[in-house]
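Colleague: Given next are the chains, with one letter for each unit.
There are 2 protein chains.
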Amino acid sequence: MGEENTVYIGKKATMNYVLAVVSQINAGCDNICIKARGRAISRAVDVAEIVRHRFVQGLDYKDVKIATESLPGQDGGSANVSSIEIYMAK
Amino acid sequence: MGEENTVYIGKKATMNYVLAVVSQINAGCDNICIKARGRAISRAVDVAEIVRHRFVQGLDYKDVKIATESLPGQDGGSANVSSIEIYMAK
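Those protein sequence lines, which keep their order, are chains A and B.
Note that this note's numbering has the first sequence beginning at 544, numbered continuously upward.
Note that this note's numbering has the second sequence beginning at 544, numbered continuously upward.
Treat the hints with care, since some could be wrong.
Intra- or inter-copy, both count: the list cannot distinguish identical chains.
[Said to hold, decoys possible] When the alpha-carbon atoms are kept at most 27 Å apart in a straight line, the in silico DSS-like pairs for lysine-lysine are as follows:
| # | residue 1 | residue 2 |
| --- | --- | --- |
| 1 | K605 | K555 |
| 2 | K605 | K554 |
| 3 | K605 | K578 |
Hints were generated in silico from the structure; no laboratory data involved.
Using the sequences and the accompanying hints, generate a full structural model.
Modeller: Below, the structure written as C-alpha cells:
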C-alpha cells in the first residue's frame with residue numbers, strides 16, 4: 544500500500560509499541576514513522592531497534608529527525624521539549 | 544582544525560554536557576559527535592538541541608545513527624542496549 548503510518552511512543556511498556564509497529568507492517572505498510580518527545584525518546588529508539596532486529600527483516604532507517612517542540616506550560620508560559628522522528632521503510 | 548570530537552552523555556545534569564560541546568566548538572572543532580546509550584539517549588537529544596538553539600549558530604545535523612550495543616551483564620550473559628550517535632557540523 545505504501546502508506547505512511549505513525550506510531551507515537553508514550554509511557555506504556557516498550558513491547559506495546561513494538562507490537563503496534565509490527566502490526567502496521569503486517570497490515571501492509573511499507574513506511575513507518577515512530578515519534579516521541581522528552582523522556583520517551585529513549586524508548587522510541589528501543590522500539591525501532593527491537594522491531595528491526597527481532598521481528599521484521601529488511602527494515603532500514605530512512606531518516607532520523609531531531610527537533611524541539613514548544614508546549615504550553617501549566618503557568619501560562621511554554622516549555623521546550625526535544626522530539627525525535629524515526630522513519631523506517633522496507 | 545576540522546578534527547572530530549566525541550562527547551559521551553552520562554548521568555550528569557544536561558548543562559554539563561552542553562558546556563562540554565560548546566567548549567569543543569569554541570576550541571576550534573567543526574565536527575562534534577554526541578554519543579549516548581539507554582536512558583541517556585533522551586538527554587543526548589536535549590544537549591544537541593540546546594547547543595544548536597541557544598549557543599552555536601549555524602550548527603547543523605549531519606547524521607543521526609541508531610544502533611544496538613551488546614554489553615556484558617552481571618550474570619555472565621549479555622544485555623542489549625540501544626545507542627545513538629548524533630553528528631553535528633558547522
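Colleague: Look at each hint and say if it fits the structure.
Modeller: Each hint tested on the structure:
With identical chains, the CA atoms of K605 and K555 are at most 27 Å apart within one copy only, with a shortest distance of 25 Å there and 32 Å across copies. Taking identical chains as interchangeable, the C-alpha atoms of K605 and K554 lie at most 27 Å apart only when both belong to the same chain, with a minimum of 25 Å there against 30 Å between chains. Taking identical chains as interchangeable, the C-alpha atoms of K605 and K578 lie at most 27 Å apart whether they share a chain (14 Å) or sit on different chains (20 Å).
Violated hints: none; the structure is consistent with every hint.
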